[in-house]
Amino acid sequence: MTARPEIDERLLDEALTWYRALEQDDADWDAYTRWLEADPLHGKAFDEIALTGRIVDDHIADLQALKAAPAADPAEIRTVSRRKWLYGSVAAALALAVGIPALRQQQDVVYATARGETRHIALSQGIAADLSPSTRLVVKGGDPTKLEVARGDVYFAVAHDPGRALSIRAGEYVVSDIGTTFGLNLSAKAVAVAVAEGHVSVAGEGGEATRVSAGQQLIARRDDRSTRIRPVPAANVGSWRQGRLVYDNMPLNLVAADIARYSGKTITVDPAIGDRPFSGVLAIGDGSELLANLSDLMAISYEEKGDSVRIGAAAVR
Amino acid sequence: MQPDSSQGLEALYRIHRAALLRTLVARTGDAGEAEDILQEMWIRLRHASTFPIANGRAYLFRMAQNLLLDRLREKQRRMRRERIWLDNLAGDAGGGSERADGGPNAEEAMLDREEAARLASALATLPDGARRAFELHKIEGLSHAEVAMRLGISRSGVEKHMAVAMKYLRRALLD
Numbered sequence: 039m040t041a042r043p044e045i046d047e048r049l050l051d052e053a054l055t056w057y058r059a060l061e062q063d064d065a066d067w068d069a070y071t072r073w074l075e076a077d078p079l080h081g082k083a084f085d086e087i088a089l090t091g092r093i094v095d096d097h098i099a100d101l102q103a104l105k106a107a108p109a110a111d112p113a114e115i116r117t118v119s120r121r122k123w124l125y126g127s128v129a130a131a132l133a134l135a136v137g138i139p140a141l142r143q144q145q146d147v148v149y150a151t152a153r154g155e156t157r158h159i160a161l162s163q164g165i166a167a168d169l170s171p172s173t174r175l176v177v178k179g180g181d182p183t184k185l186e187v188a189r190g191d192v193y194f195a196v197a198h199d200p201g202r203a204l205s206i207r208a209g210e211y212v213v214s215d216i217g218t219t220f221g222l223n224l225s226a227k228a229v230a231v232a233v234a235e236g237h238v239s240v241a242g243e244g245g246e247a248t249r250v251s252a253g254q255q256l257i258a259r260r261d262d263r264s265t266r267i268r269p270v271p272a273a274n275v276g277s278w279r280q281g282r283l284v285y286d287n288m289p290l291n292l293v294a295a296d297i298a299r300y301s302g303k304t305i306t307v308d309p310a311i312g313d314r315p316f317s318g319v320l321a322i323g324d325g326s327e328l329l330a331n332l333s334d335l336m337a338i339s340y341e342e343k344g345d346s347v348r349i350g351a352a353a354v355r
Numbered sequence: 000m001q002p003d004s005s006q007g008l009e010a011l012y013r014i015h016r017a018a019l020l021r022t023l024v025a026r027t028g029d030a031g032e033a034e035d036i037l038q039e040m041w042i043r044l045r046h047a048s049t050f051p052i053a054n055g056r057a058y059l060f061r062m063a064q065n066l067l068l069d070r071l072r073e074k075q076r077r078m079r080r081e082r083i084w085l086d087n088l089a090g091d092a093g094g095g096s097e098r099a100d101g102g103p104n105a106e107e108a109m110l111d112r113e114e115a116a117r118l119a120s121a122l123a124t125l126p127d128g129a130r131r132a133f134e135l136h137k138i139e140g141l142s143h144a145e146v147a148m149r150l151g152i153s154r155s156g157v158e159k160h161m162a163v164a165m166k167y168l169r170r171a172l173l174d
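From first to last, the protein sequence lines stand for chains Y and X.
All residue numbers for the first sequence refer to the numbering used here, where the first residue is 39 and numbers rise by one.
All residue numbers for the second sequence refer to the numbering used here, where the first residue is 0 and numbers rise by one.
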């Protein structure tokens, strides 16, 4: 775990205890209220637990049907999903059991992380992905060789297999010819691919493929489709997994996009300084200090209004 | 106090209104929304013909919680609809067909199916103990004590399994 989640495990446990306590006839509503008043996050955590309970309750009939159907014996689903993560066939079995005609095997599978949350996913065929916070990885049609990073930063570890055609889409770019470990970061302004081991090919839509090798980082702008490659120490690739963001001459726009994901803020950068390079290390923590730390290391100023932040050049003093 | 006359309801509501409001404000962090929920509650109470007076205060609190939860659920479904819509927009190559013969009912049905499938696949990957406890309690309707007996574990063991299951499902269902 890198960043501390806003609603952490302890908070959820407290919320669960209250959720359970309020089911009793002699529930102490006053104590519950005092607990809520102690921290605004308590109410949020309780909301999430209560909402989860409601969703489950809304589908009890579906689950009972599923349980009754021999085809979808949970143990069987488990073995299948454990062994190969053949989500498609699991989904098909579920569709059958619950009587869901529209759930086809072509269904996309989406893995997403919230702010402050990271996730390790072992897809089949030796493909593993670490999702950083506020990230979305889509397995197109349930096929683990057709992936899309729809948002955020993913660290991939892929066993080399020349017989497999793995492709990962990110914005207007497609990464292919993969047998390696690398980081793939998609933000509004750019796609960044940093390779720690092996190599990958990156191609824009209809463009030529560029080969990126270990120790290299490719930054492809999404507006004018220009790309550039520069060196990156392998140890810095996916450094968010160790709780820090390491930058070497990274355009401010991209740094700001990372901070936006970790802090949950909407950040706009004055276009005049968006390409200004930043070098330095930021400790992620719970994400709330990142902006302040950045402004300590770089001549910028920022203005916060609720969840929106605007970064501009440092004010002249 | 007349237990099941509208006067009784009115009186009970008046007595507990301040406490209800305080709880709702603490829960939502939004005085306006808390007032809205109380307003809705009042309208429903006035149309309610019977009223379980045995524990009127608890009844009112529970009712307030349920109304709040209805709102949360509605909001969450709206957000999922928007997300699915955006996903289809982004993945126009294959995902667009779902909406072709749309209409609000078809969309709701699709949302339901999608949610049921998410829930079922999340359940399938739960750790064994948590999954069995969850199934016995939620799907087969056993009490925690009965689940404990069936699984040969303690009550607190059941609580722990349920907590694991709920936290796991929270992640799977709420992203």
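Rather than coming from a laboratory, the hints here were simulated on the basis of the structure.
Warning: the hint list may mix true and false statements.
Far from chain X, by Cβ distances over 12 Å, these chain Y residues were calculated [as the list claims (entries may be wrong)]:
(1) E47
(2) G81
(3) A83
(4) D215
(5) S251
(6) R263
(7) R279
(8) R282
(9) V319
DSBU-like, lysine-lysine: derived pairs with alpha carbons at most 35 Å apart [unchecked claim]:
(10) Y:K105 - X:K74
(11) X:K166 - Y:K105
(12) Y:K184 - Y:K105
(13) Y:K105 - Y:K227
(14) Y:K343 - X:K159
According to the in silico footprint, chain X covers these stretches of chain Y (three or more CB under 8 Å from chain X) [what the hints assert, rightly or not]:
(15) 48–54
(16) 68–76
(17) 227–234
On a predicted model such as this, the values are computed, not experimentally measured, just so you know.
From the three backbone atoms N, C-alpha and C, an ideal C-beta is built for every residue, glycine too.
Status of each hint after checking the structure:
1. Listed as outside the interface, Y:E47 is inconsistent with that label: its C-beta sits roughly 7 Å from the nearest C-beta of chain X, within the 12 Å cut-off.
2. Distance to chain X contradicts Y:G81 as a non-interface residue, since its nearest Cβ pair spans about 5 Å, not more than 12 Å.
3. The Cβ of Y:A83 sits about 10 Å from the closest Cβ of chain X, inside the 12 Å cut-off, so the non-interface label is violated.
4. In this structure Y:D215 is separated from chain X by more than 12 Å, as the shortest Cβ-Cβ distance comes to about 21 Å.
5. Every C-beta of chain X lies more than 12 Å from that of Y:S251, the closest at about 30 Å, which supports listing it as non-interface.
6. The Cβ of Y:R263 sits about 19 Å from the closest Cβ of chain X, beyond the 12 Å cut-off, so the non-interface label holds.
7. Here Y:R279 stays apart from chain X, with its beta-carbon at least about 19 Å from theirs, past the 12 Å limit.
8. Under the 12 Å C-beta cut-off, the non-interface status given to Y:R282 relative to chain X holds; the minimum distance is some 25 Å.
9. Every CB of chain X is more than 12 Å from the CB of Y:V319 (nearest about 30 Å), matching its label as outside the interface.
10. In summary, the hint linking Y:K105 to X:K74 is supported, as the alpha carbons are separated by about 29 Å, within the 35 Å threshold.
11. Distance hint between X:K166 and Y:K105 is fulfilled; the C-alpha atoms sit about 21 Å from each other, no more than 35 Å.
12. With a CA separation close to 31 Å, the supplied pair Y:K184 and Y:K105 stays within the 35 Å bound.
13. Distance check on the hinted pair: Y:K105 and Y:K227 sit about 47 Å apart at the alpha-carbon level, beyond 35 Å; violated.
14. Under the criterion of a C-alpha separation no larger than 35 Å, the hint pairing Y:K343 with X:K159 is inconsistent with the structure, at around 41 Å.
15. With a threshold of 8 Å between beta carbons, the proposed coverage of the region 48–54 of chain Y by chain X holds, since 3 of its residues qualify and at least three are required.
16. Only residues whose beta carbon comes within less than 8 Å of a beta carbon in chain X count, and the region 68–76 of chain Y has 5; three or more means the coverage holds.
17. Note: the region 227–234 of chain Y has 0 residues with beta-carbon separation from chain X under 8 Å; the three-residue rule is not met and the coverage is violated.
Violated hints for the displayed structure, listed by number in ascending order: 1, 2, 3, 13, 14 and 17.
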